[in-house]
Amino acid sequence: MEEEQNEPPQTTTTTTTNKITIKIPTHKTTTNAGILPLDPLLQIWSHLPATSLYRLRSVCHLWNSSIISDPLLPSFRHRLRHRLPPSPTLLLILRHLPSEPIKVPDRPALLSTVPASDLFLSSAAAAVPSHHLKNGFTPYADTAVFLLPSSHRLSPLCCFASNRFFYLCNPSINRFLRISPSQTRHSTTNAAFGYLPIENRFALVNITDTTAEILEFGPGQAGSATWRVIPDRAPGPVRDFGLMVNKRFFWASAELGLGFSICLDYTKEEFTIINPPQGNAGETMMYDKMYLVEFRGAVCAVDNFSRPPRMQVWVLDEVGNDFNWVRKYNVFMTGMSRDVVYPFCDYYFYDENEEDEVKRREKSEMIVLCNKTRSRLYCYNTKSRNTKLVYKPKQRSFEQLALYTPGLFPLSFVD
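In UniProt numbering, the protein residues as written are 1 to 415.
Hint data in this document are derived by calculation from the structure and do not stem from the laboratory.
The reader is advised that the hints may include incorrect statements.
[As the list claims (entries may be wrong)] No farther apart than 30 Å at their CA atoms in a straight line, the calculated lysine-lysine pairs in the DSSO-like style are these:
| id | residue 1 | residue 2 |
| --- | --- | --- |
| 1 | K383 | K372 |
| 2 | K372 | K247 |
| 3 | K383 | K328 |
| 4 | K372 | K392 |
| 5 | K247 | K289 |
| 6 | K328 | K392 |
| 7 | K388 | K328 |
Build out the structure end to end from the sequences listed, making use of the hints.
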């Protein structure tokens with residue numbers, strides 16, 4: 001019978017996708033390689049709060065790289081929990097705090113979070129005011145910040161922009177990082193932010209006139225990333241913030257003669273022009289008042305003015321190399337005449353017998369709508385056409401709403 005202590009020590013220098021190699025020191029000067037299967041570790045990690053895992057990041061470099069690597073968080077949580085998408089959390093950036101000390105050029109702001117289900121599935125008749133929410137943490141930001149709307153459903157980060165800076169935020173680990181535009185481009189008004197879940201990377205694109213610059217970073221790299229110029233130039237100026245869907249950035253064109261939307265292919269780094277939606281015969285389309293949003297994984301053009309009180313939502317359909325707009329959703333905005341709204345997200349009751357996420361979304365009866373300033377939320381039932389105000393800001397407060405998925409994505413390894 002063989003004895004384990006007589007076996008020669010083994011060493012391993014590589015880490016496969018199915019196992020994690022951990023070196024365990026013994027009482028001798030040599031080390032033995034202990035092989036731990038990845039799945040049991042993932043089972044443990046996936047059920048721990050993101051903040052708890054992040055506090056252990058100093059254990060070793062291997063642990064640090066493991067807990068932030070794809071597909072740990074959030075995609076492995078997604079796979080574990082009956083293949084259901086992770087529950088989104090509502091991020092709220094509240095008013096600045098005049099009683100707190102100032103760190104020039106930024107002022108303190110209050111960020112709070114609340115589970116989306118507490119708002120969207122609540123039976124309470126009244127909307128939830130902001131002062132009822134649990135306080136989160138107090139970062140420093142410019143006087144007025146606006147959310148960049150592009151964000152993947154699994155994104156752990158949110159990005160805000162002021163007139164001078166960009167701000168990256170991971171609410172799960174209470175981290176807030178200021179990013180300056182490049183030295184040659186000072187404007188932030190035409191930026192777009194997107195998440196690449198397979199690569200576990202983020203991209204921030206900023207357009208000034210027709211010149212586009214991009215900032216790309218992975219875990220812990222946001223503070224050291226540098227801007228670079230994209231060789232291709234935009235066909236014309238754009239307006240408002242852009243958004244990223246399926247590895248493409250989209251902006252509304254500032255000149256209708258150049259097309260309705262300008263698209264940047266992230267992989268090819270090439271710009272294209274997308275023509276506007278086409279209405280029925282005799283229908284007047286107010287393209288200059290339409291705006292782009294991401295809804296149910298697609299690029300949508302929202303029209304609140306051509307056929308009031310109906311909100312029309314056009315979905316961009318790609319066939320080969322051609323883009324076509326398809327009118328897919330109609331929302332009757334009864335009771336919302338004072339707020340220009342657009343789809344914010346869809347929230348639905350999960351059917352555990354239905355594993356296909358697309359089919360679950362098709363069964364959804366509830367659409368969450370947001371006003372243009374991203375400070376009010378409404379729930380709209382597509383079958384009954386009833387509307388309910390589910391969130392309103394505190395009076396005289398400046399608030400921005402964003403959805404994010406809890407995750408450990410660090411902005412910088414230097415705290």
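**Study point:** Hints violated by the structure (numbers, ascending)
**Key:** none
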